[in-house]
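Sequence lines, in order, name chains A and B.
Residue numbering for the first sequence is 1 to 123, as defined by the working numbering.
Residue numbering for the second sequence is 1 to 302, as defined by the working numbering.
In case anyone wonders, no lab produced these hints; they're calculated from the structure.
Any given hint might turn out to be false.
Partner residues aside, some chain B positions facing chain A, computed with beta carbon under 10 Å [claimed, not checked]:
hint, residue
1, H12
2, D26
3, P113
4, A119
5, Q126
6, A137
7, Q142
8, F144
9, E201
10, E203
11, N207
12, S211
Here are some, though not all, of the chain A residues that point toward chain B, as calculated from beta-carbon distances under 8 Å [what the hints assert, rightly or not]:
hint, residue
13, T5
14, S10
15, F45
16, V123
Keep in mind the model is a prediction, meaning the values are calculated, not measured.
We put the CB at the ideal spot given by N, CA and C, even for glycine.
Listed below are the residues making up each chain.
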Amino acid sequence: MRLLTHNMLSSNIKGVINGFPLLIEAERVVEKQVDFNLDFLKNMFSKIDWKALADASKTMGYDELPDEVPDPSVLDSQEFLQKFHHALLELHLEEGALVYPETGRRFPVNKGIPNMFLHEDEV
Amino acid sequence: MSTTVAVAVDEHQQQQLKKGIAEFYDESSGIWENIWGEHMHHGFYDTDAVVELSDHRSAQIRMVEEALLFASVPDDSEKKPRTIVDVGCGIGGSSRYLAKKYGAECHGITLSPVQAERAQALAAAQGLADKVSFQVADALNQPFPDGKFDLVWSMESGEHMPDKLKFVSELARVAAPGATIIIVTWCHRDLSPTEESLRPEEEKILNKICSSFYLPAWCSTADYVKLLESLSLEDIKAADWSGNVAPFWPAVIKTALSWKGITSLLRSGWKTIRGAMVMPSMIEGFKKDVIKFSIITCRKPE
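The task is simple: from the sequences and hints, build the whole structure.
Below you can see the structure in the form of structure tokens.
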């Protein structure tokens, strides 16, 4: 699971007001090289939840992103773009879990695939 | 349309159905892929076409393209979809195809862990691991926030949904303003104004299929249109493509009866064999105009 995906996932358990973002429990993180695509990164910058990405990246062991969303002028900085690219696309959670912070409910991640299926009493 | 169609079973039964669906596809996906490839849906054929066994894979691709065409999904660089959700993604055939076609990010959801894993492996093998991601999740409770996707794609998964209203509501919820929603699914024929339900002999055909394919009660194309209207979706269009899928089930049966088919089935499991045994009922259903292969598309208001 890449952090791009994590930035999309939320839990919608019955009664939960805000199921995003989910915390990451990282047991095994793998780095996979992905081709750099400037247009894609620029497009994604405005769409993603920055704080969720920055926090998730730190949990995955990569602490190079600013905590708060930077000014869009950073998109001119190659150094920033490389870090953004790395965090968003190249860090993979292979084994671990996504956790809903308020209840501690864990959604397991196995072989990079999150299992978001809800139990009967959660729907 | 009465609420009994929208919610055919209670919560517990729904969970049991979902478990059955997951197990069915965990068991049978491999054999399907082995014989039919990565697309787990009908091919689209010209009506009354004479079809060779080798035509089916390109027909399955054509089904995807015809659906996009029907829904008028733009493919110019300004307006083409950038984020796509594949609801009931199987082993990711549509996800990978759409991601490649549009250069888009595609997220697929399936109840089957085996399918999700296989979908991911195929994505990696095809150099698409950075474009597509797969999650085990329930289409009735999609694990995404509102309004995320430019294209919401459901290719032959709607028939598995026990609560059609919830299914369609989730499709609408995760669609971004202006997004296109495409549903290609199996329905029963529309009821006439004087009919409350299908005739008993028609229900009999469908019931035979339901238990073996893990389907809840069927609804009609008209029911889907009414649901989309009730959610204030726009540009609702529907069509009956039953004539364009006629060669499919006879071809599937033919491959099942081949040496490779039979040996694979015998090695698979009871669920897969049971599924294979109701394929003639699908043909019967189409021939008697009970089963319709439908496409329903619409747009989320801006």
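Which of the listed hints are broken here? 2, 5, 9, 10, 11, 12, 15
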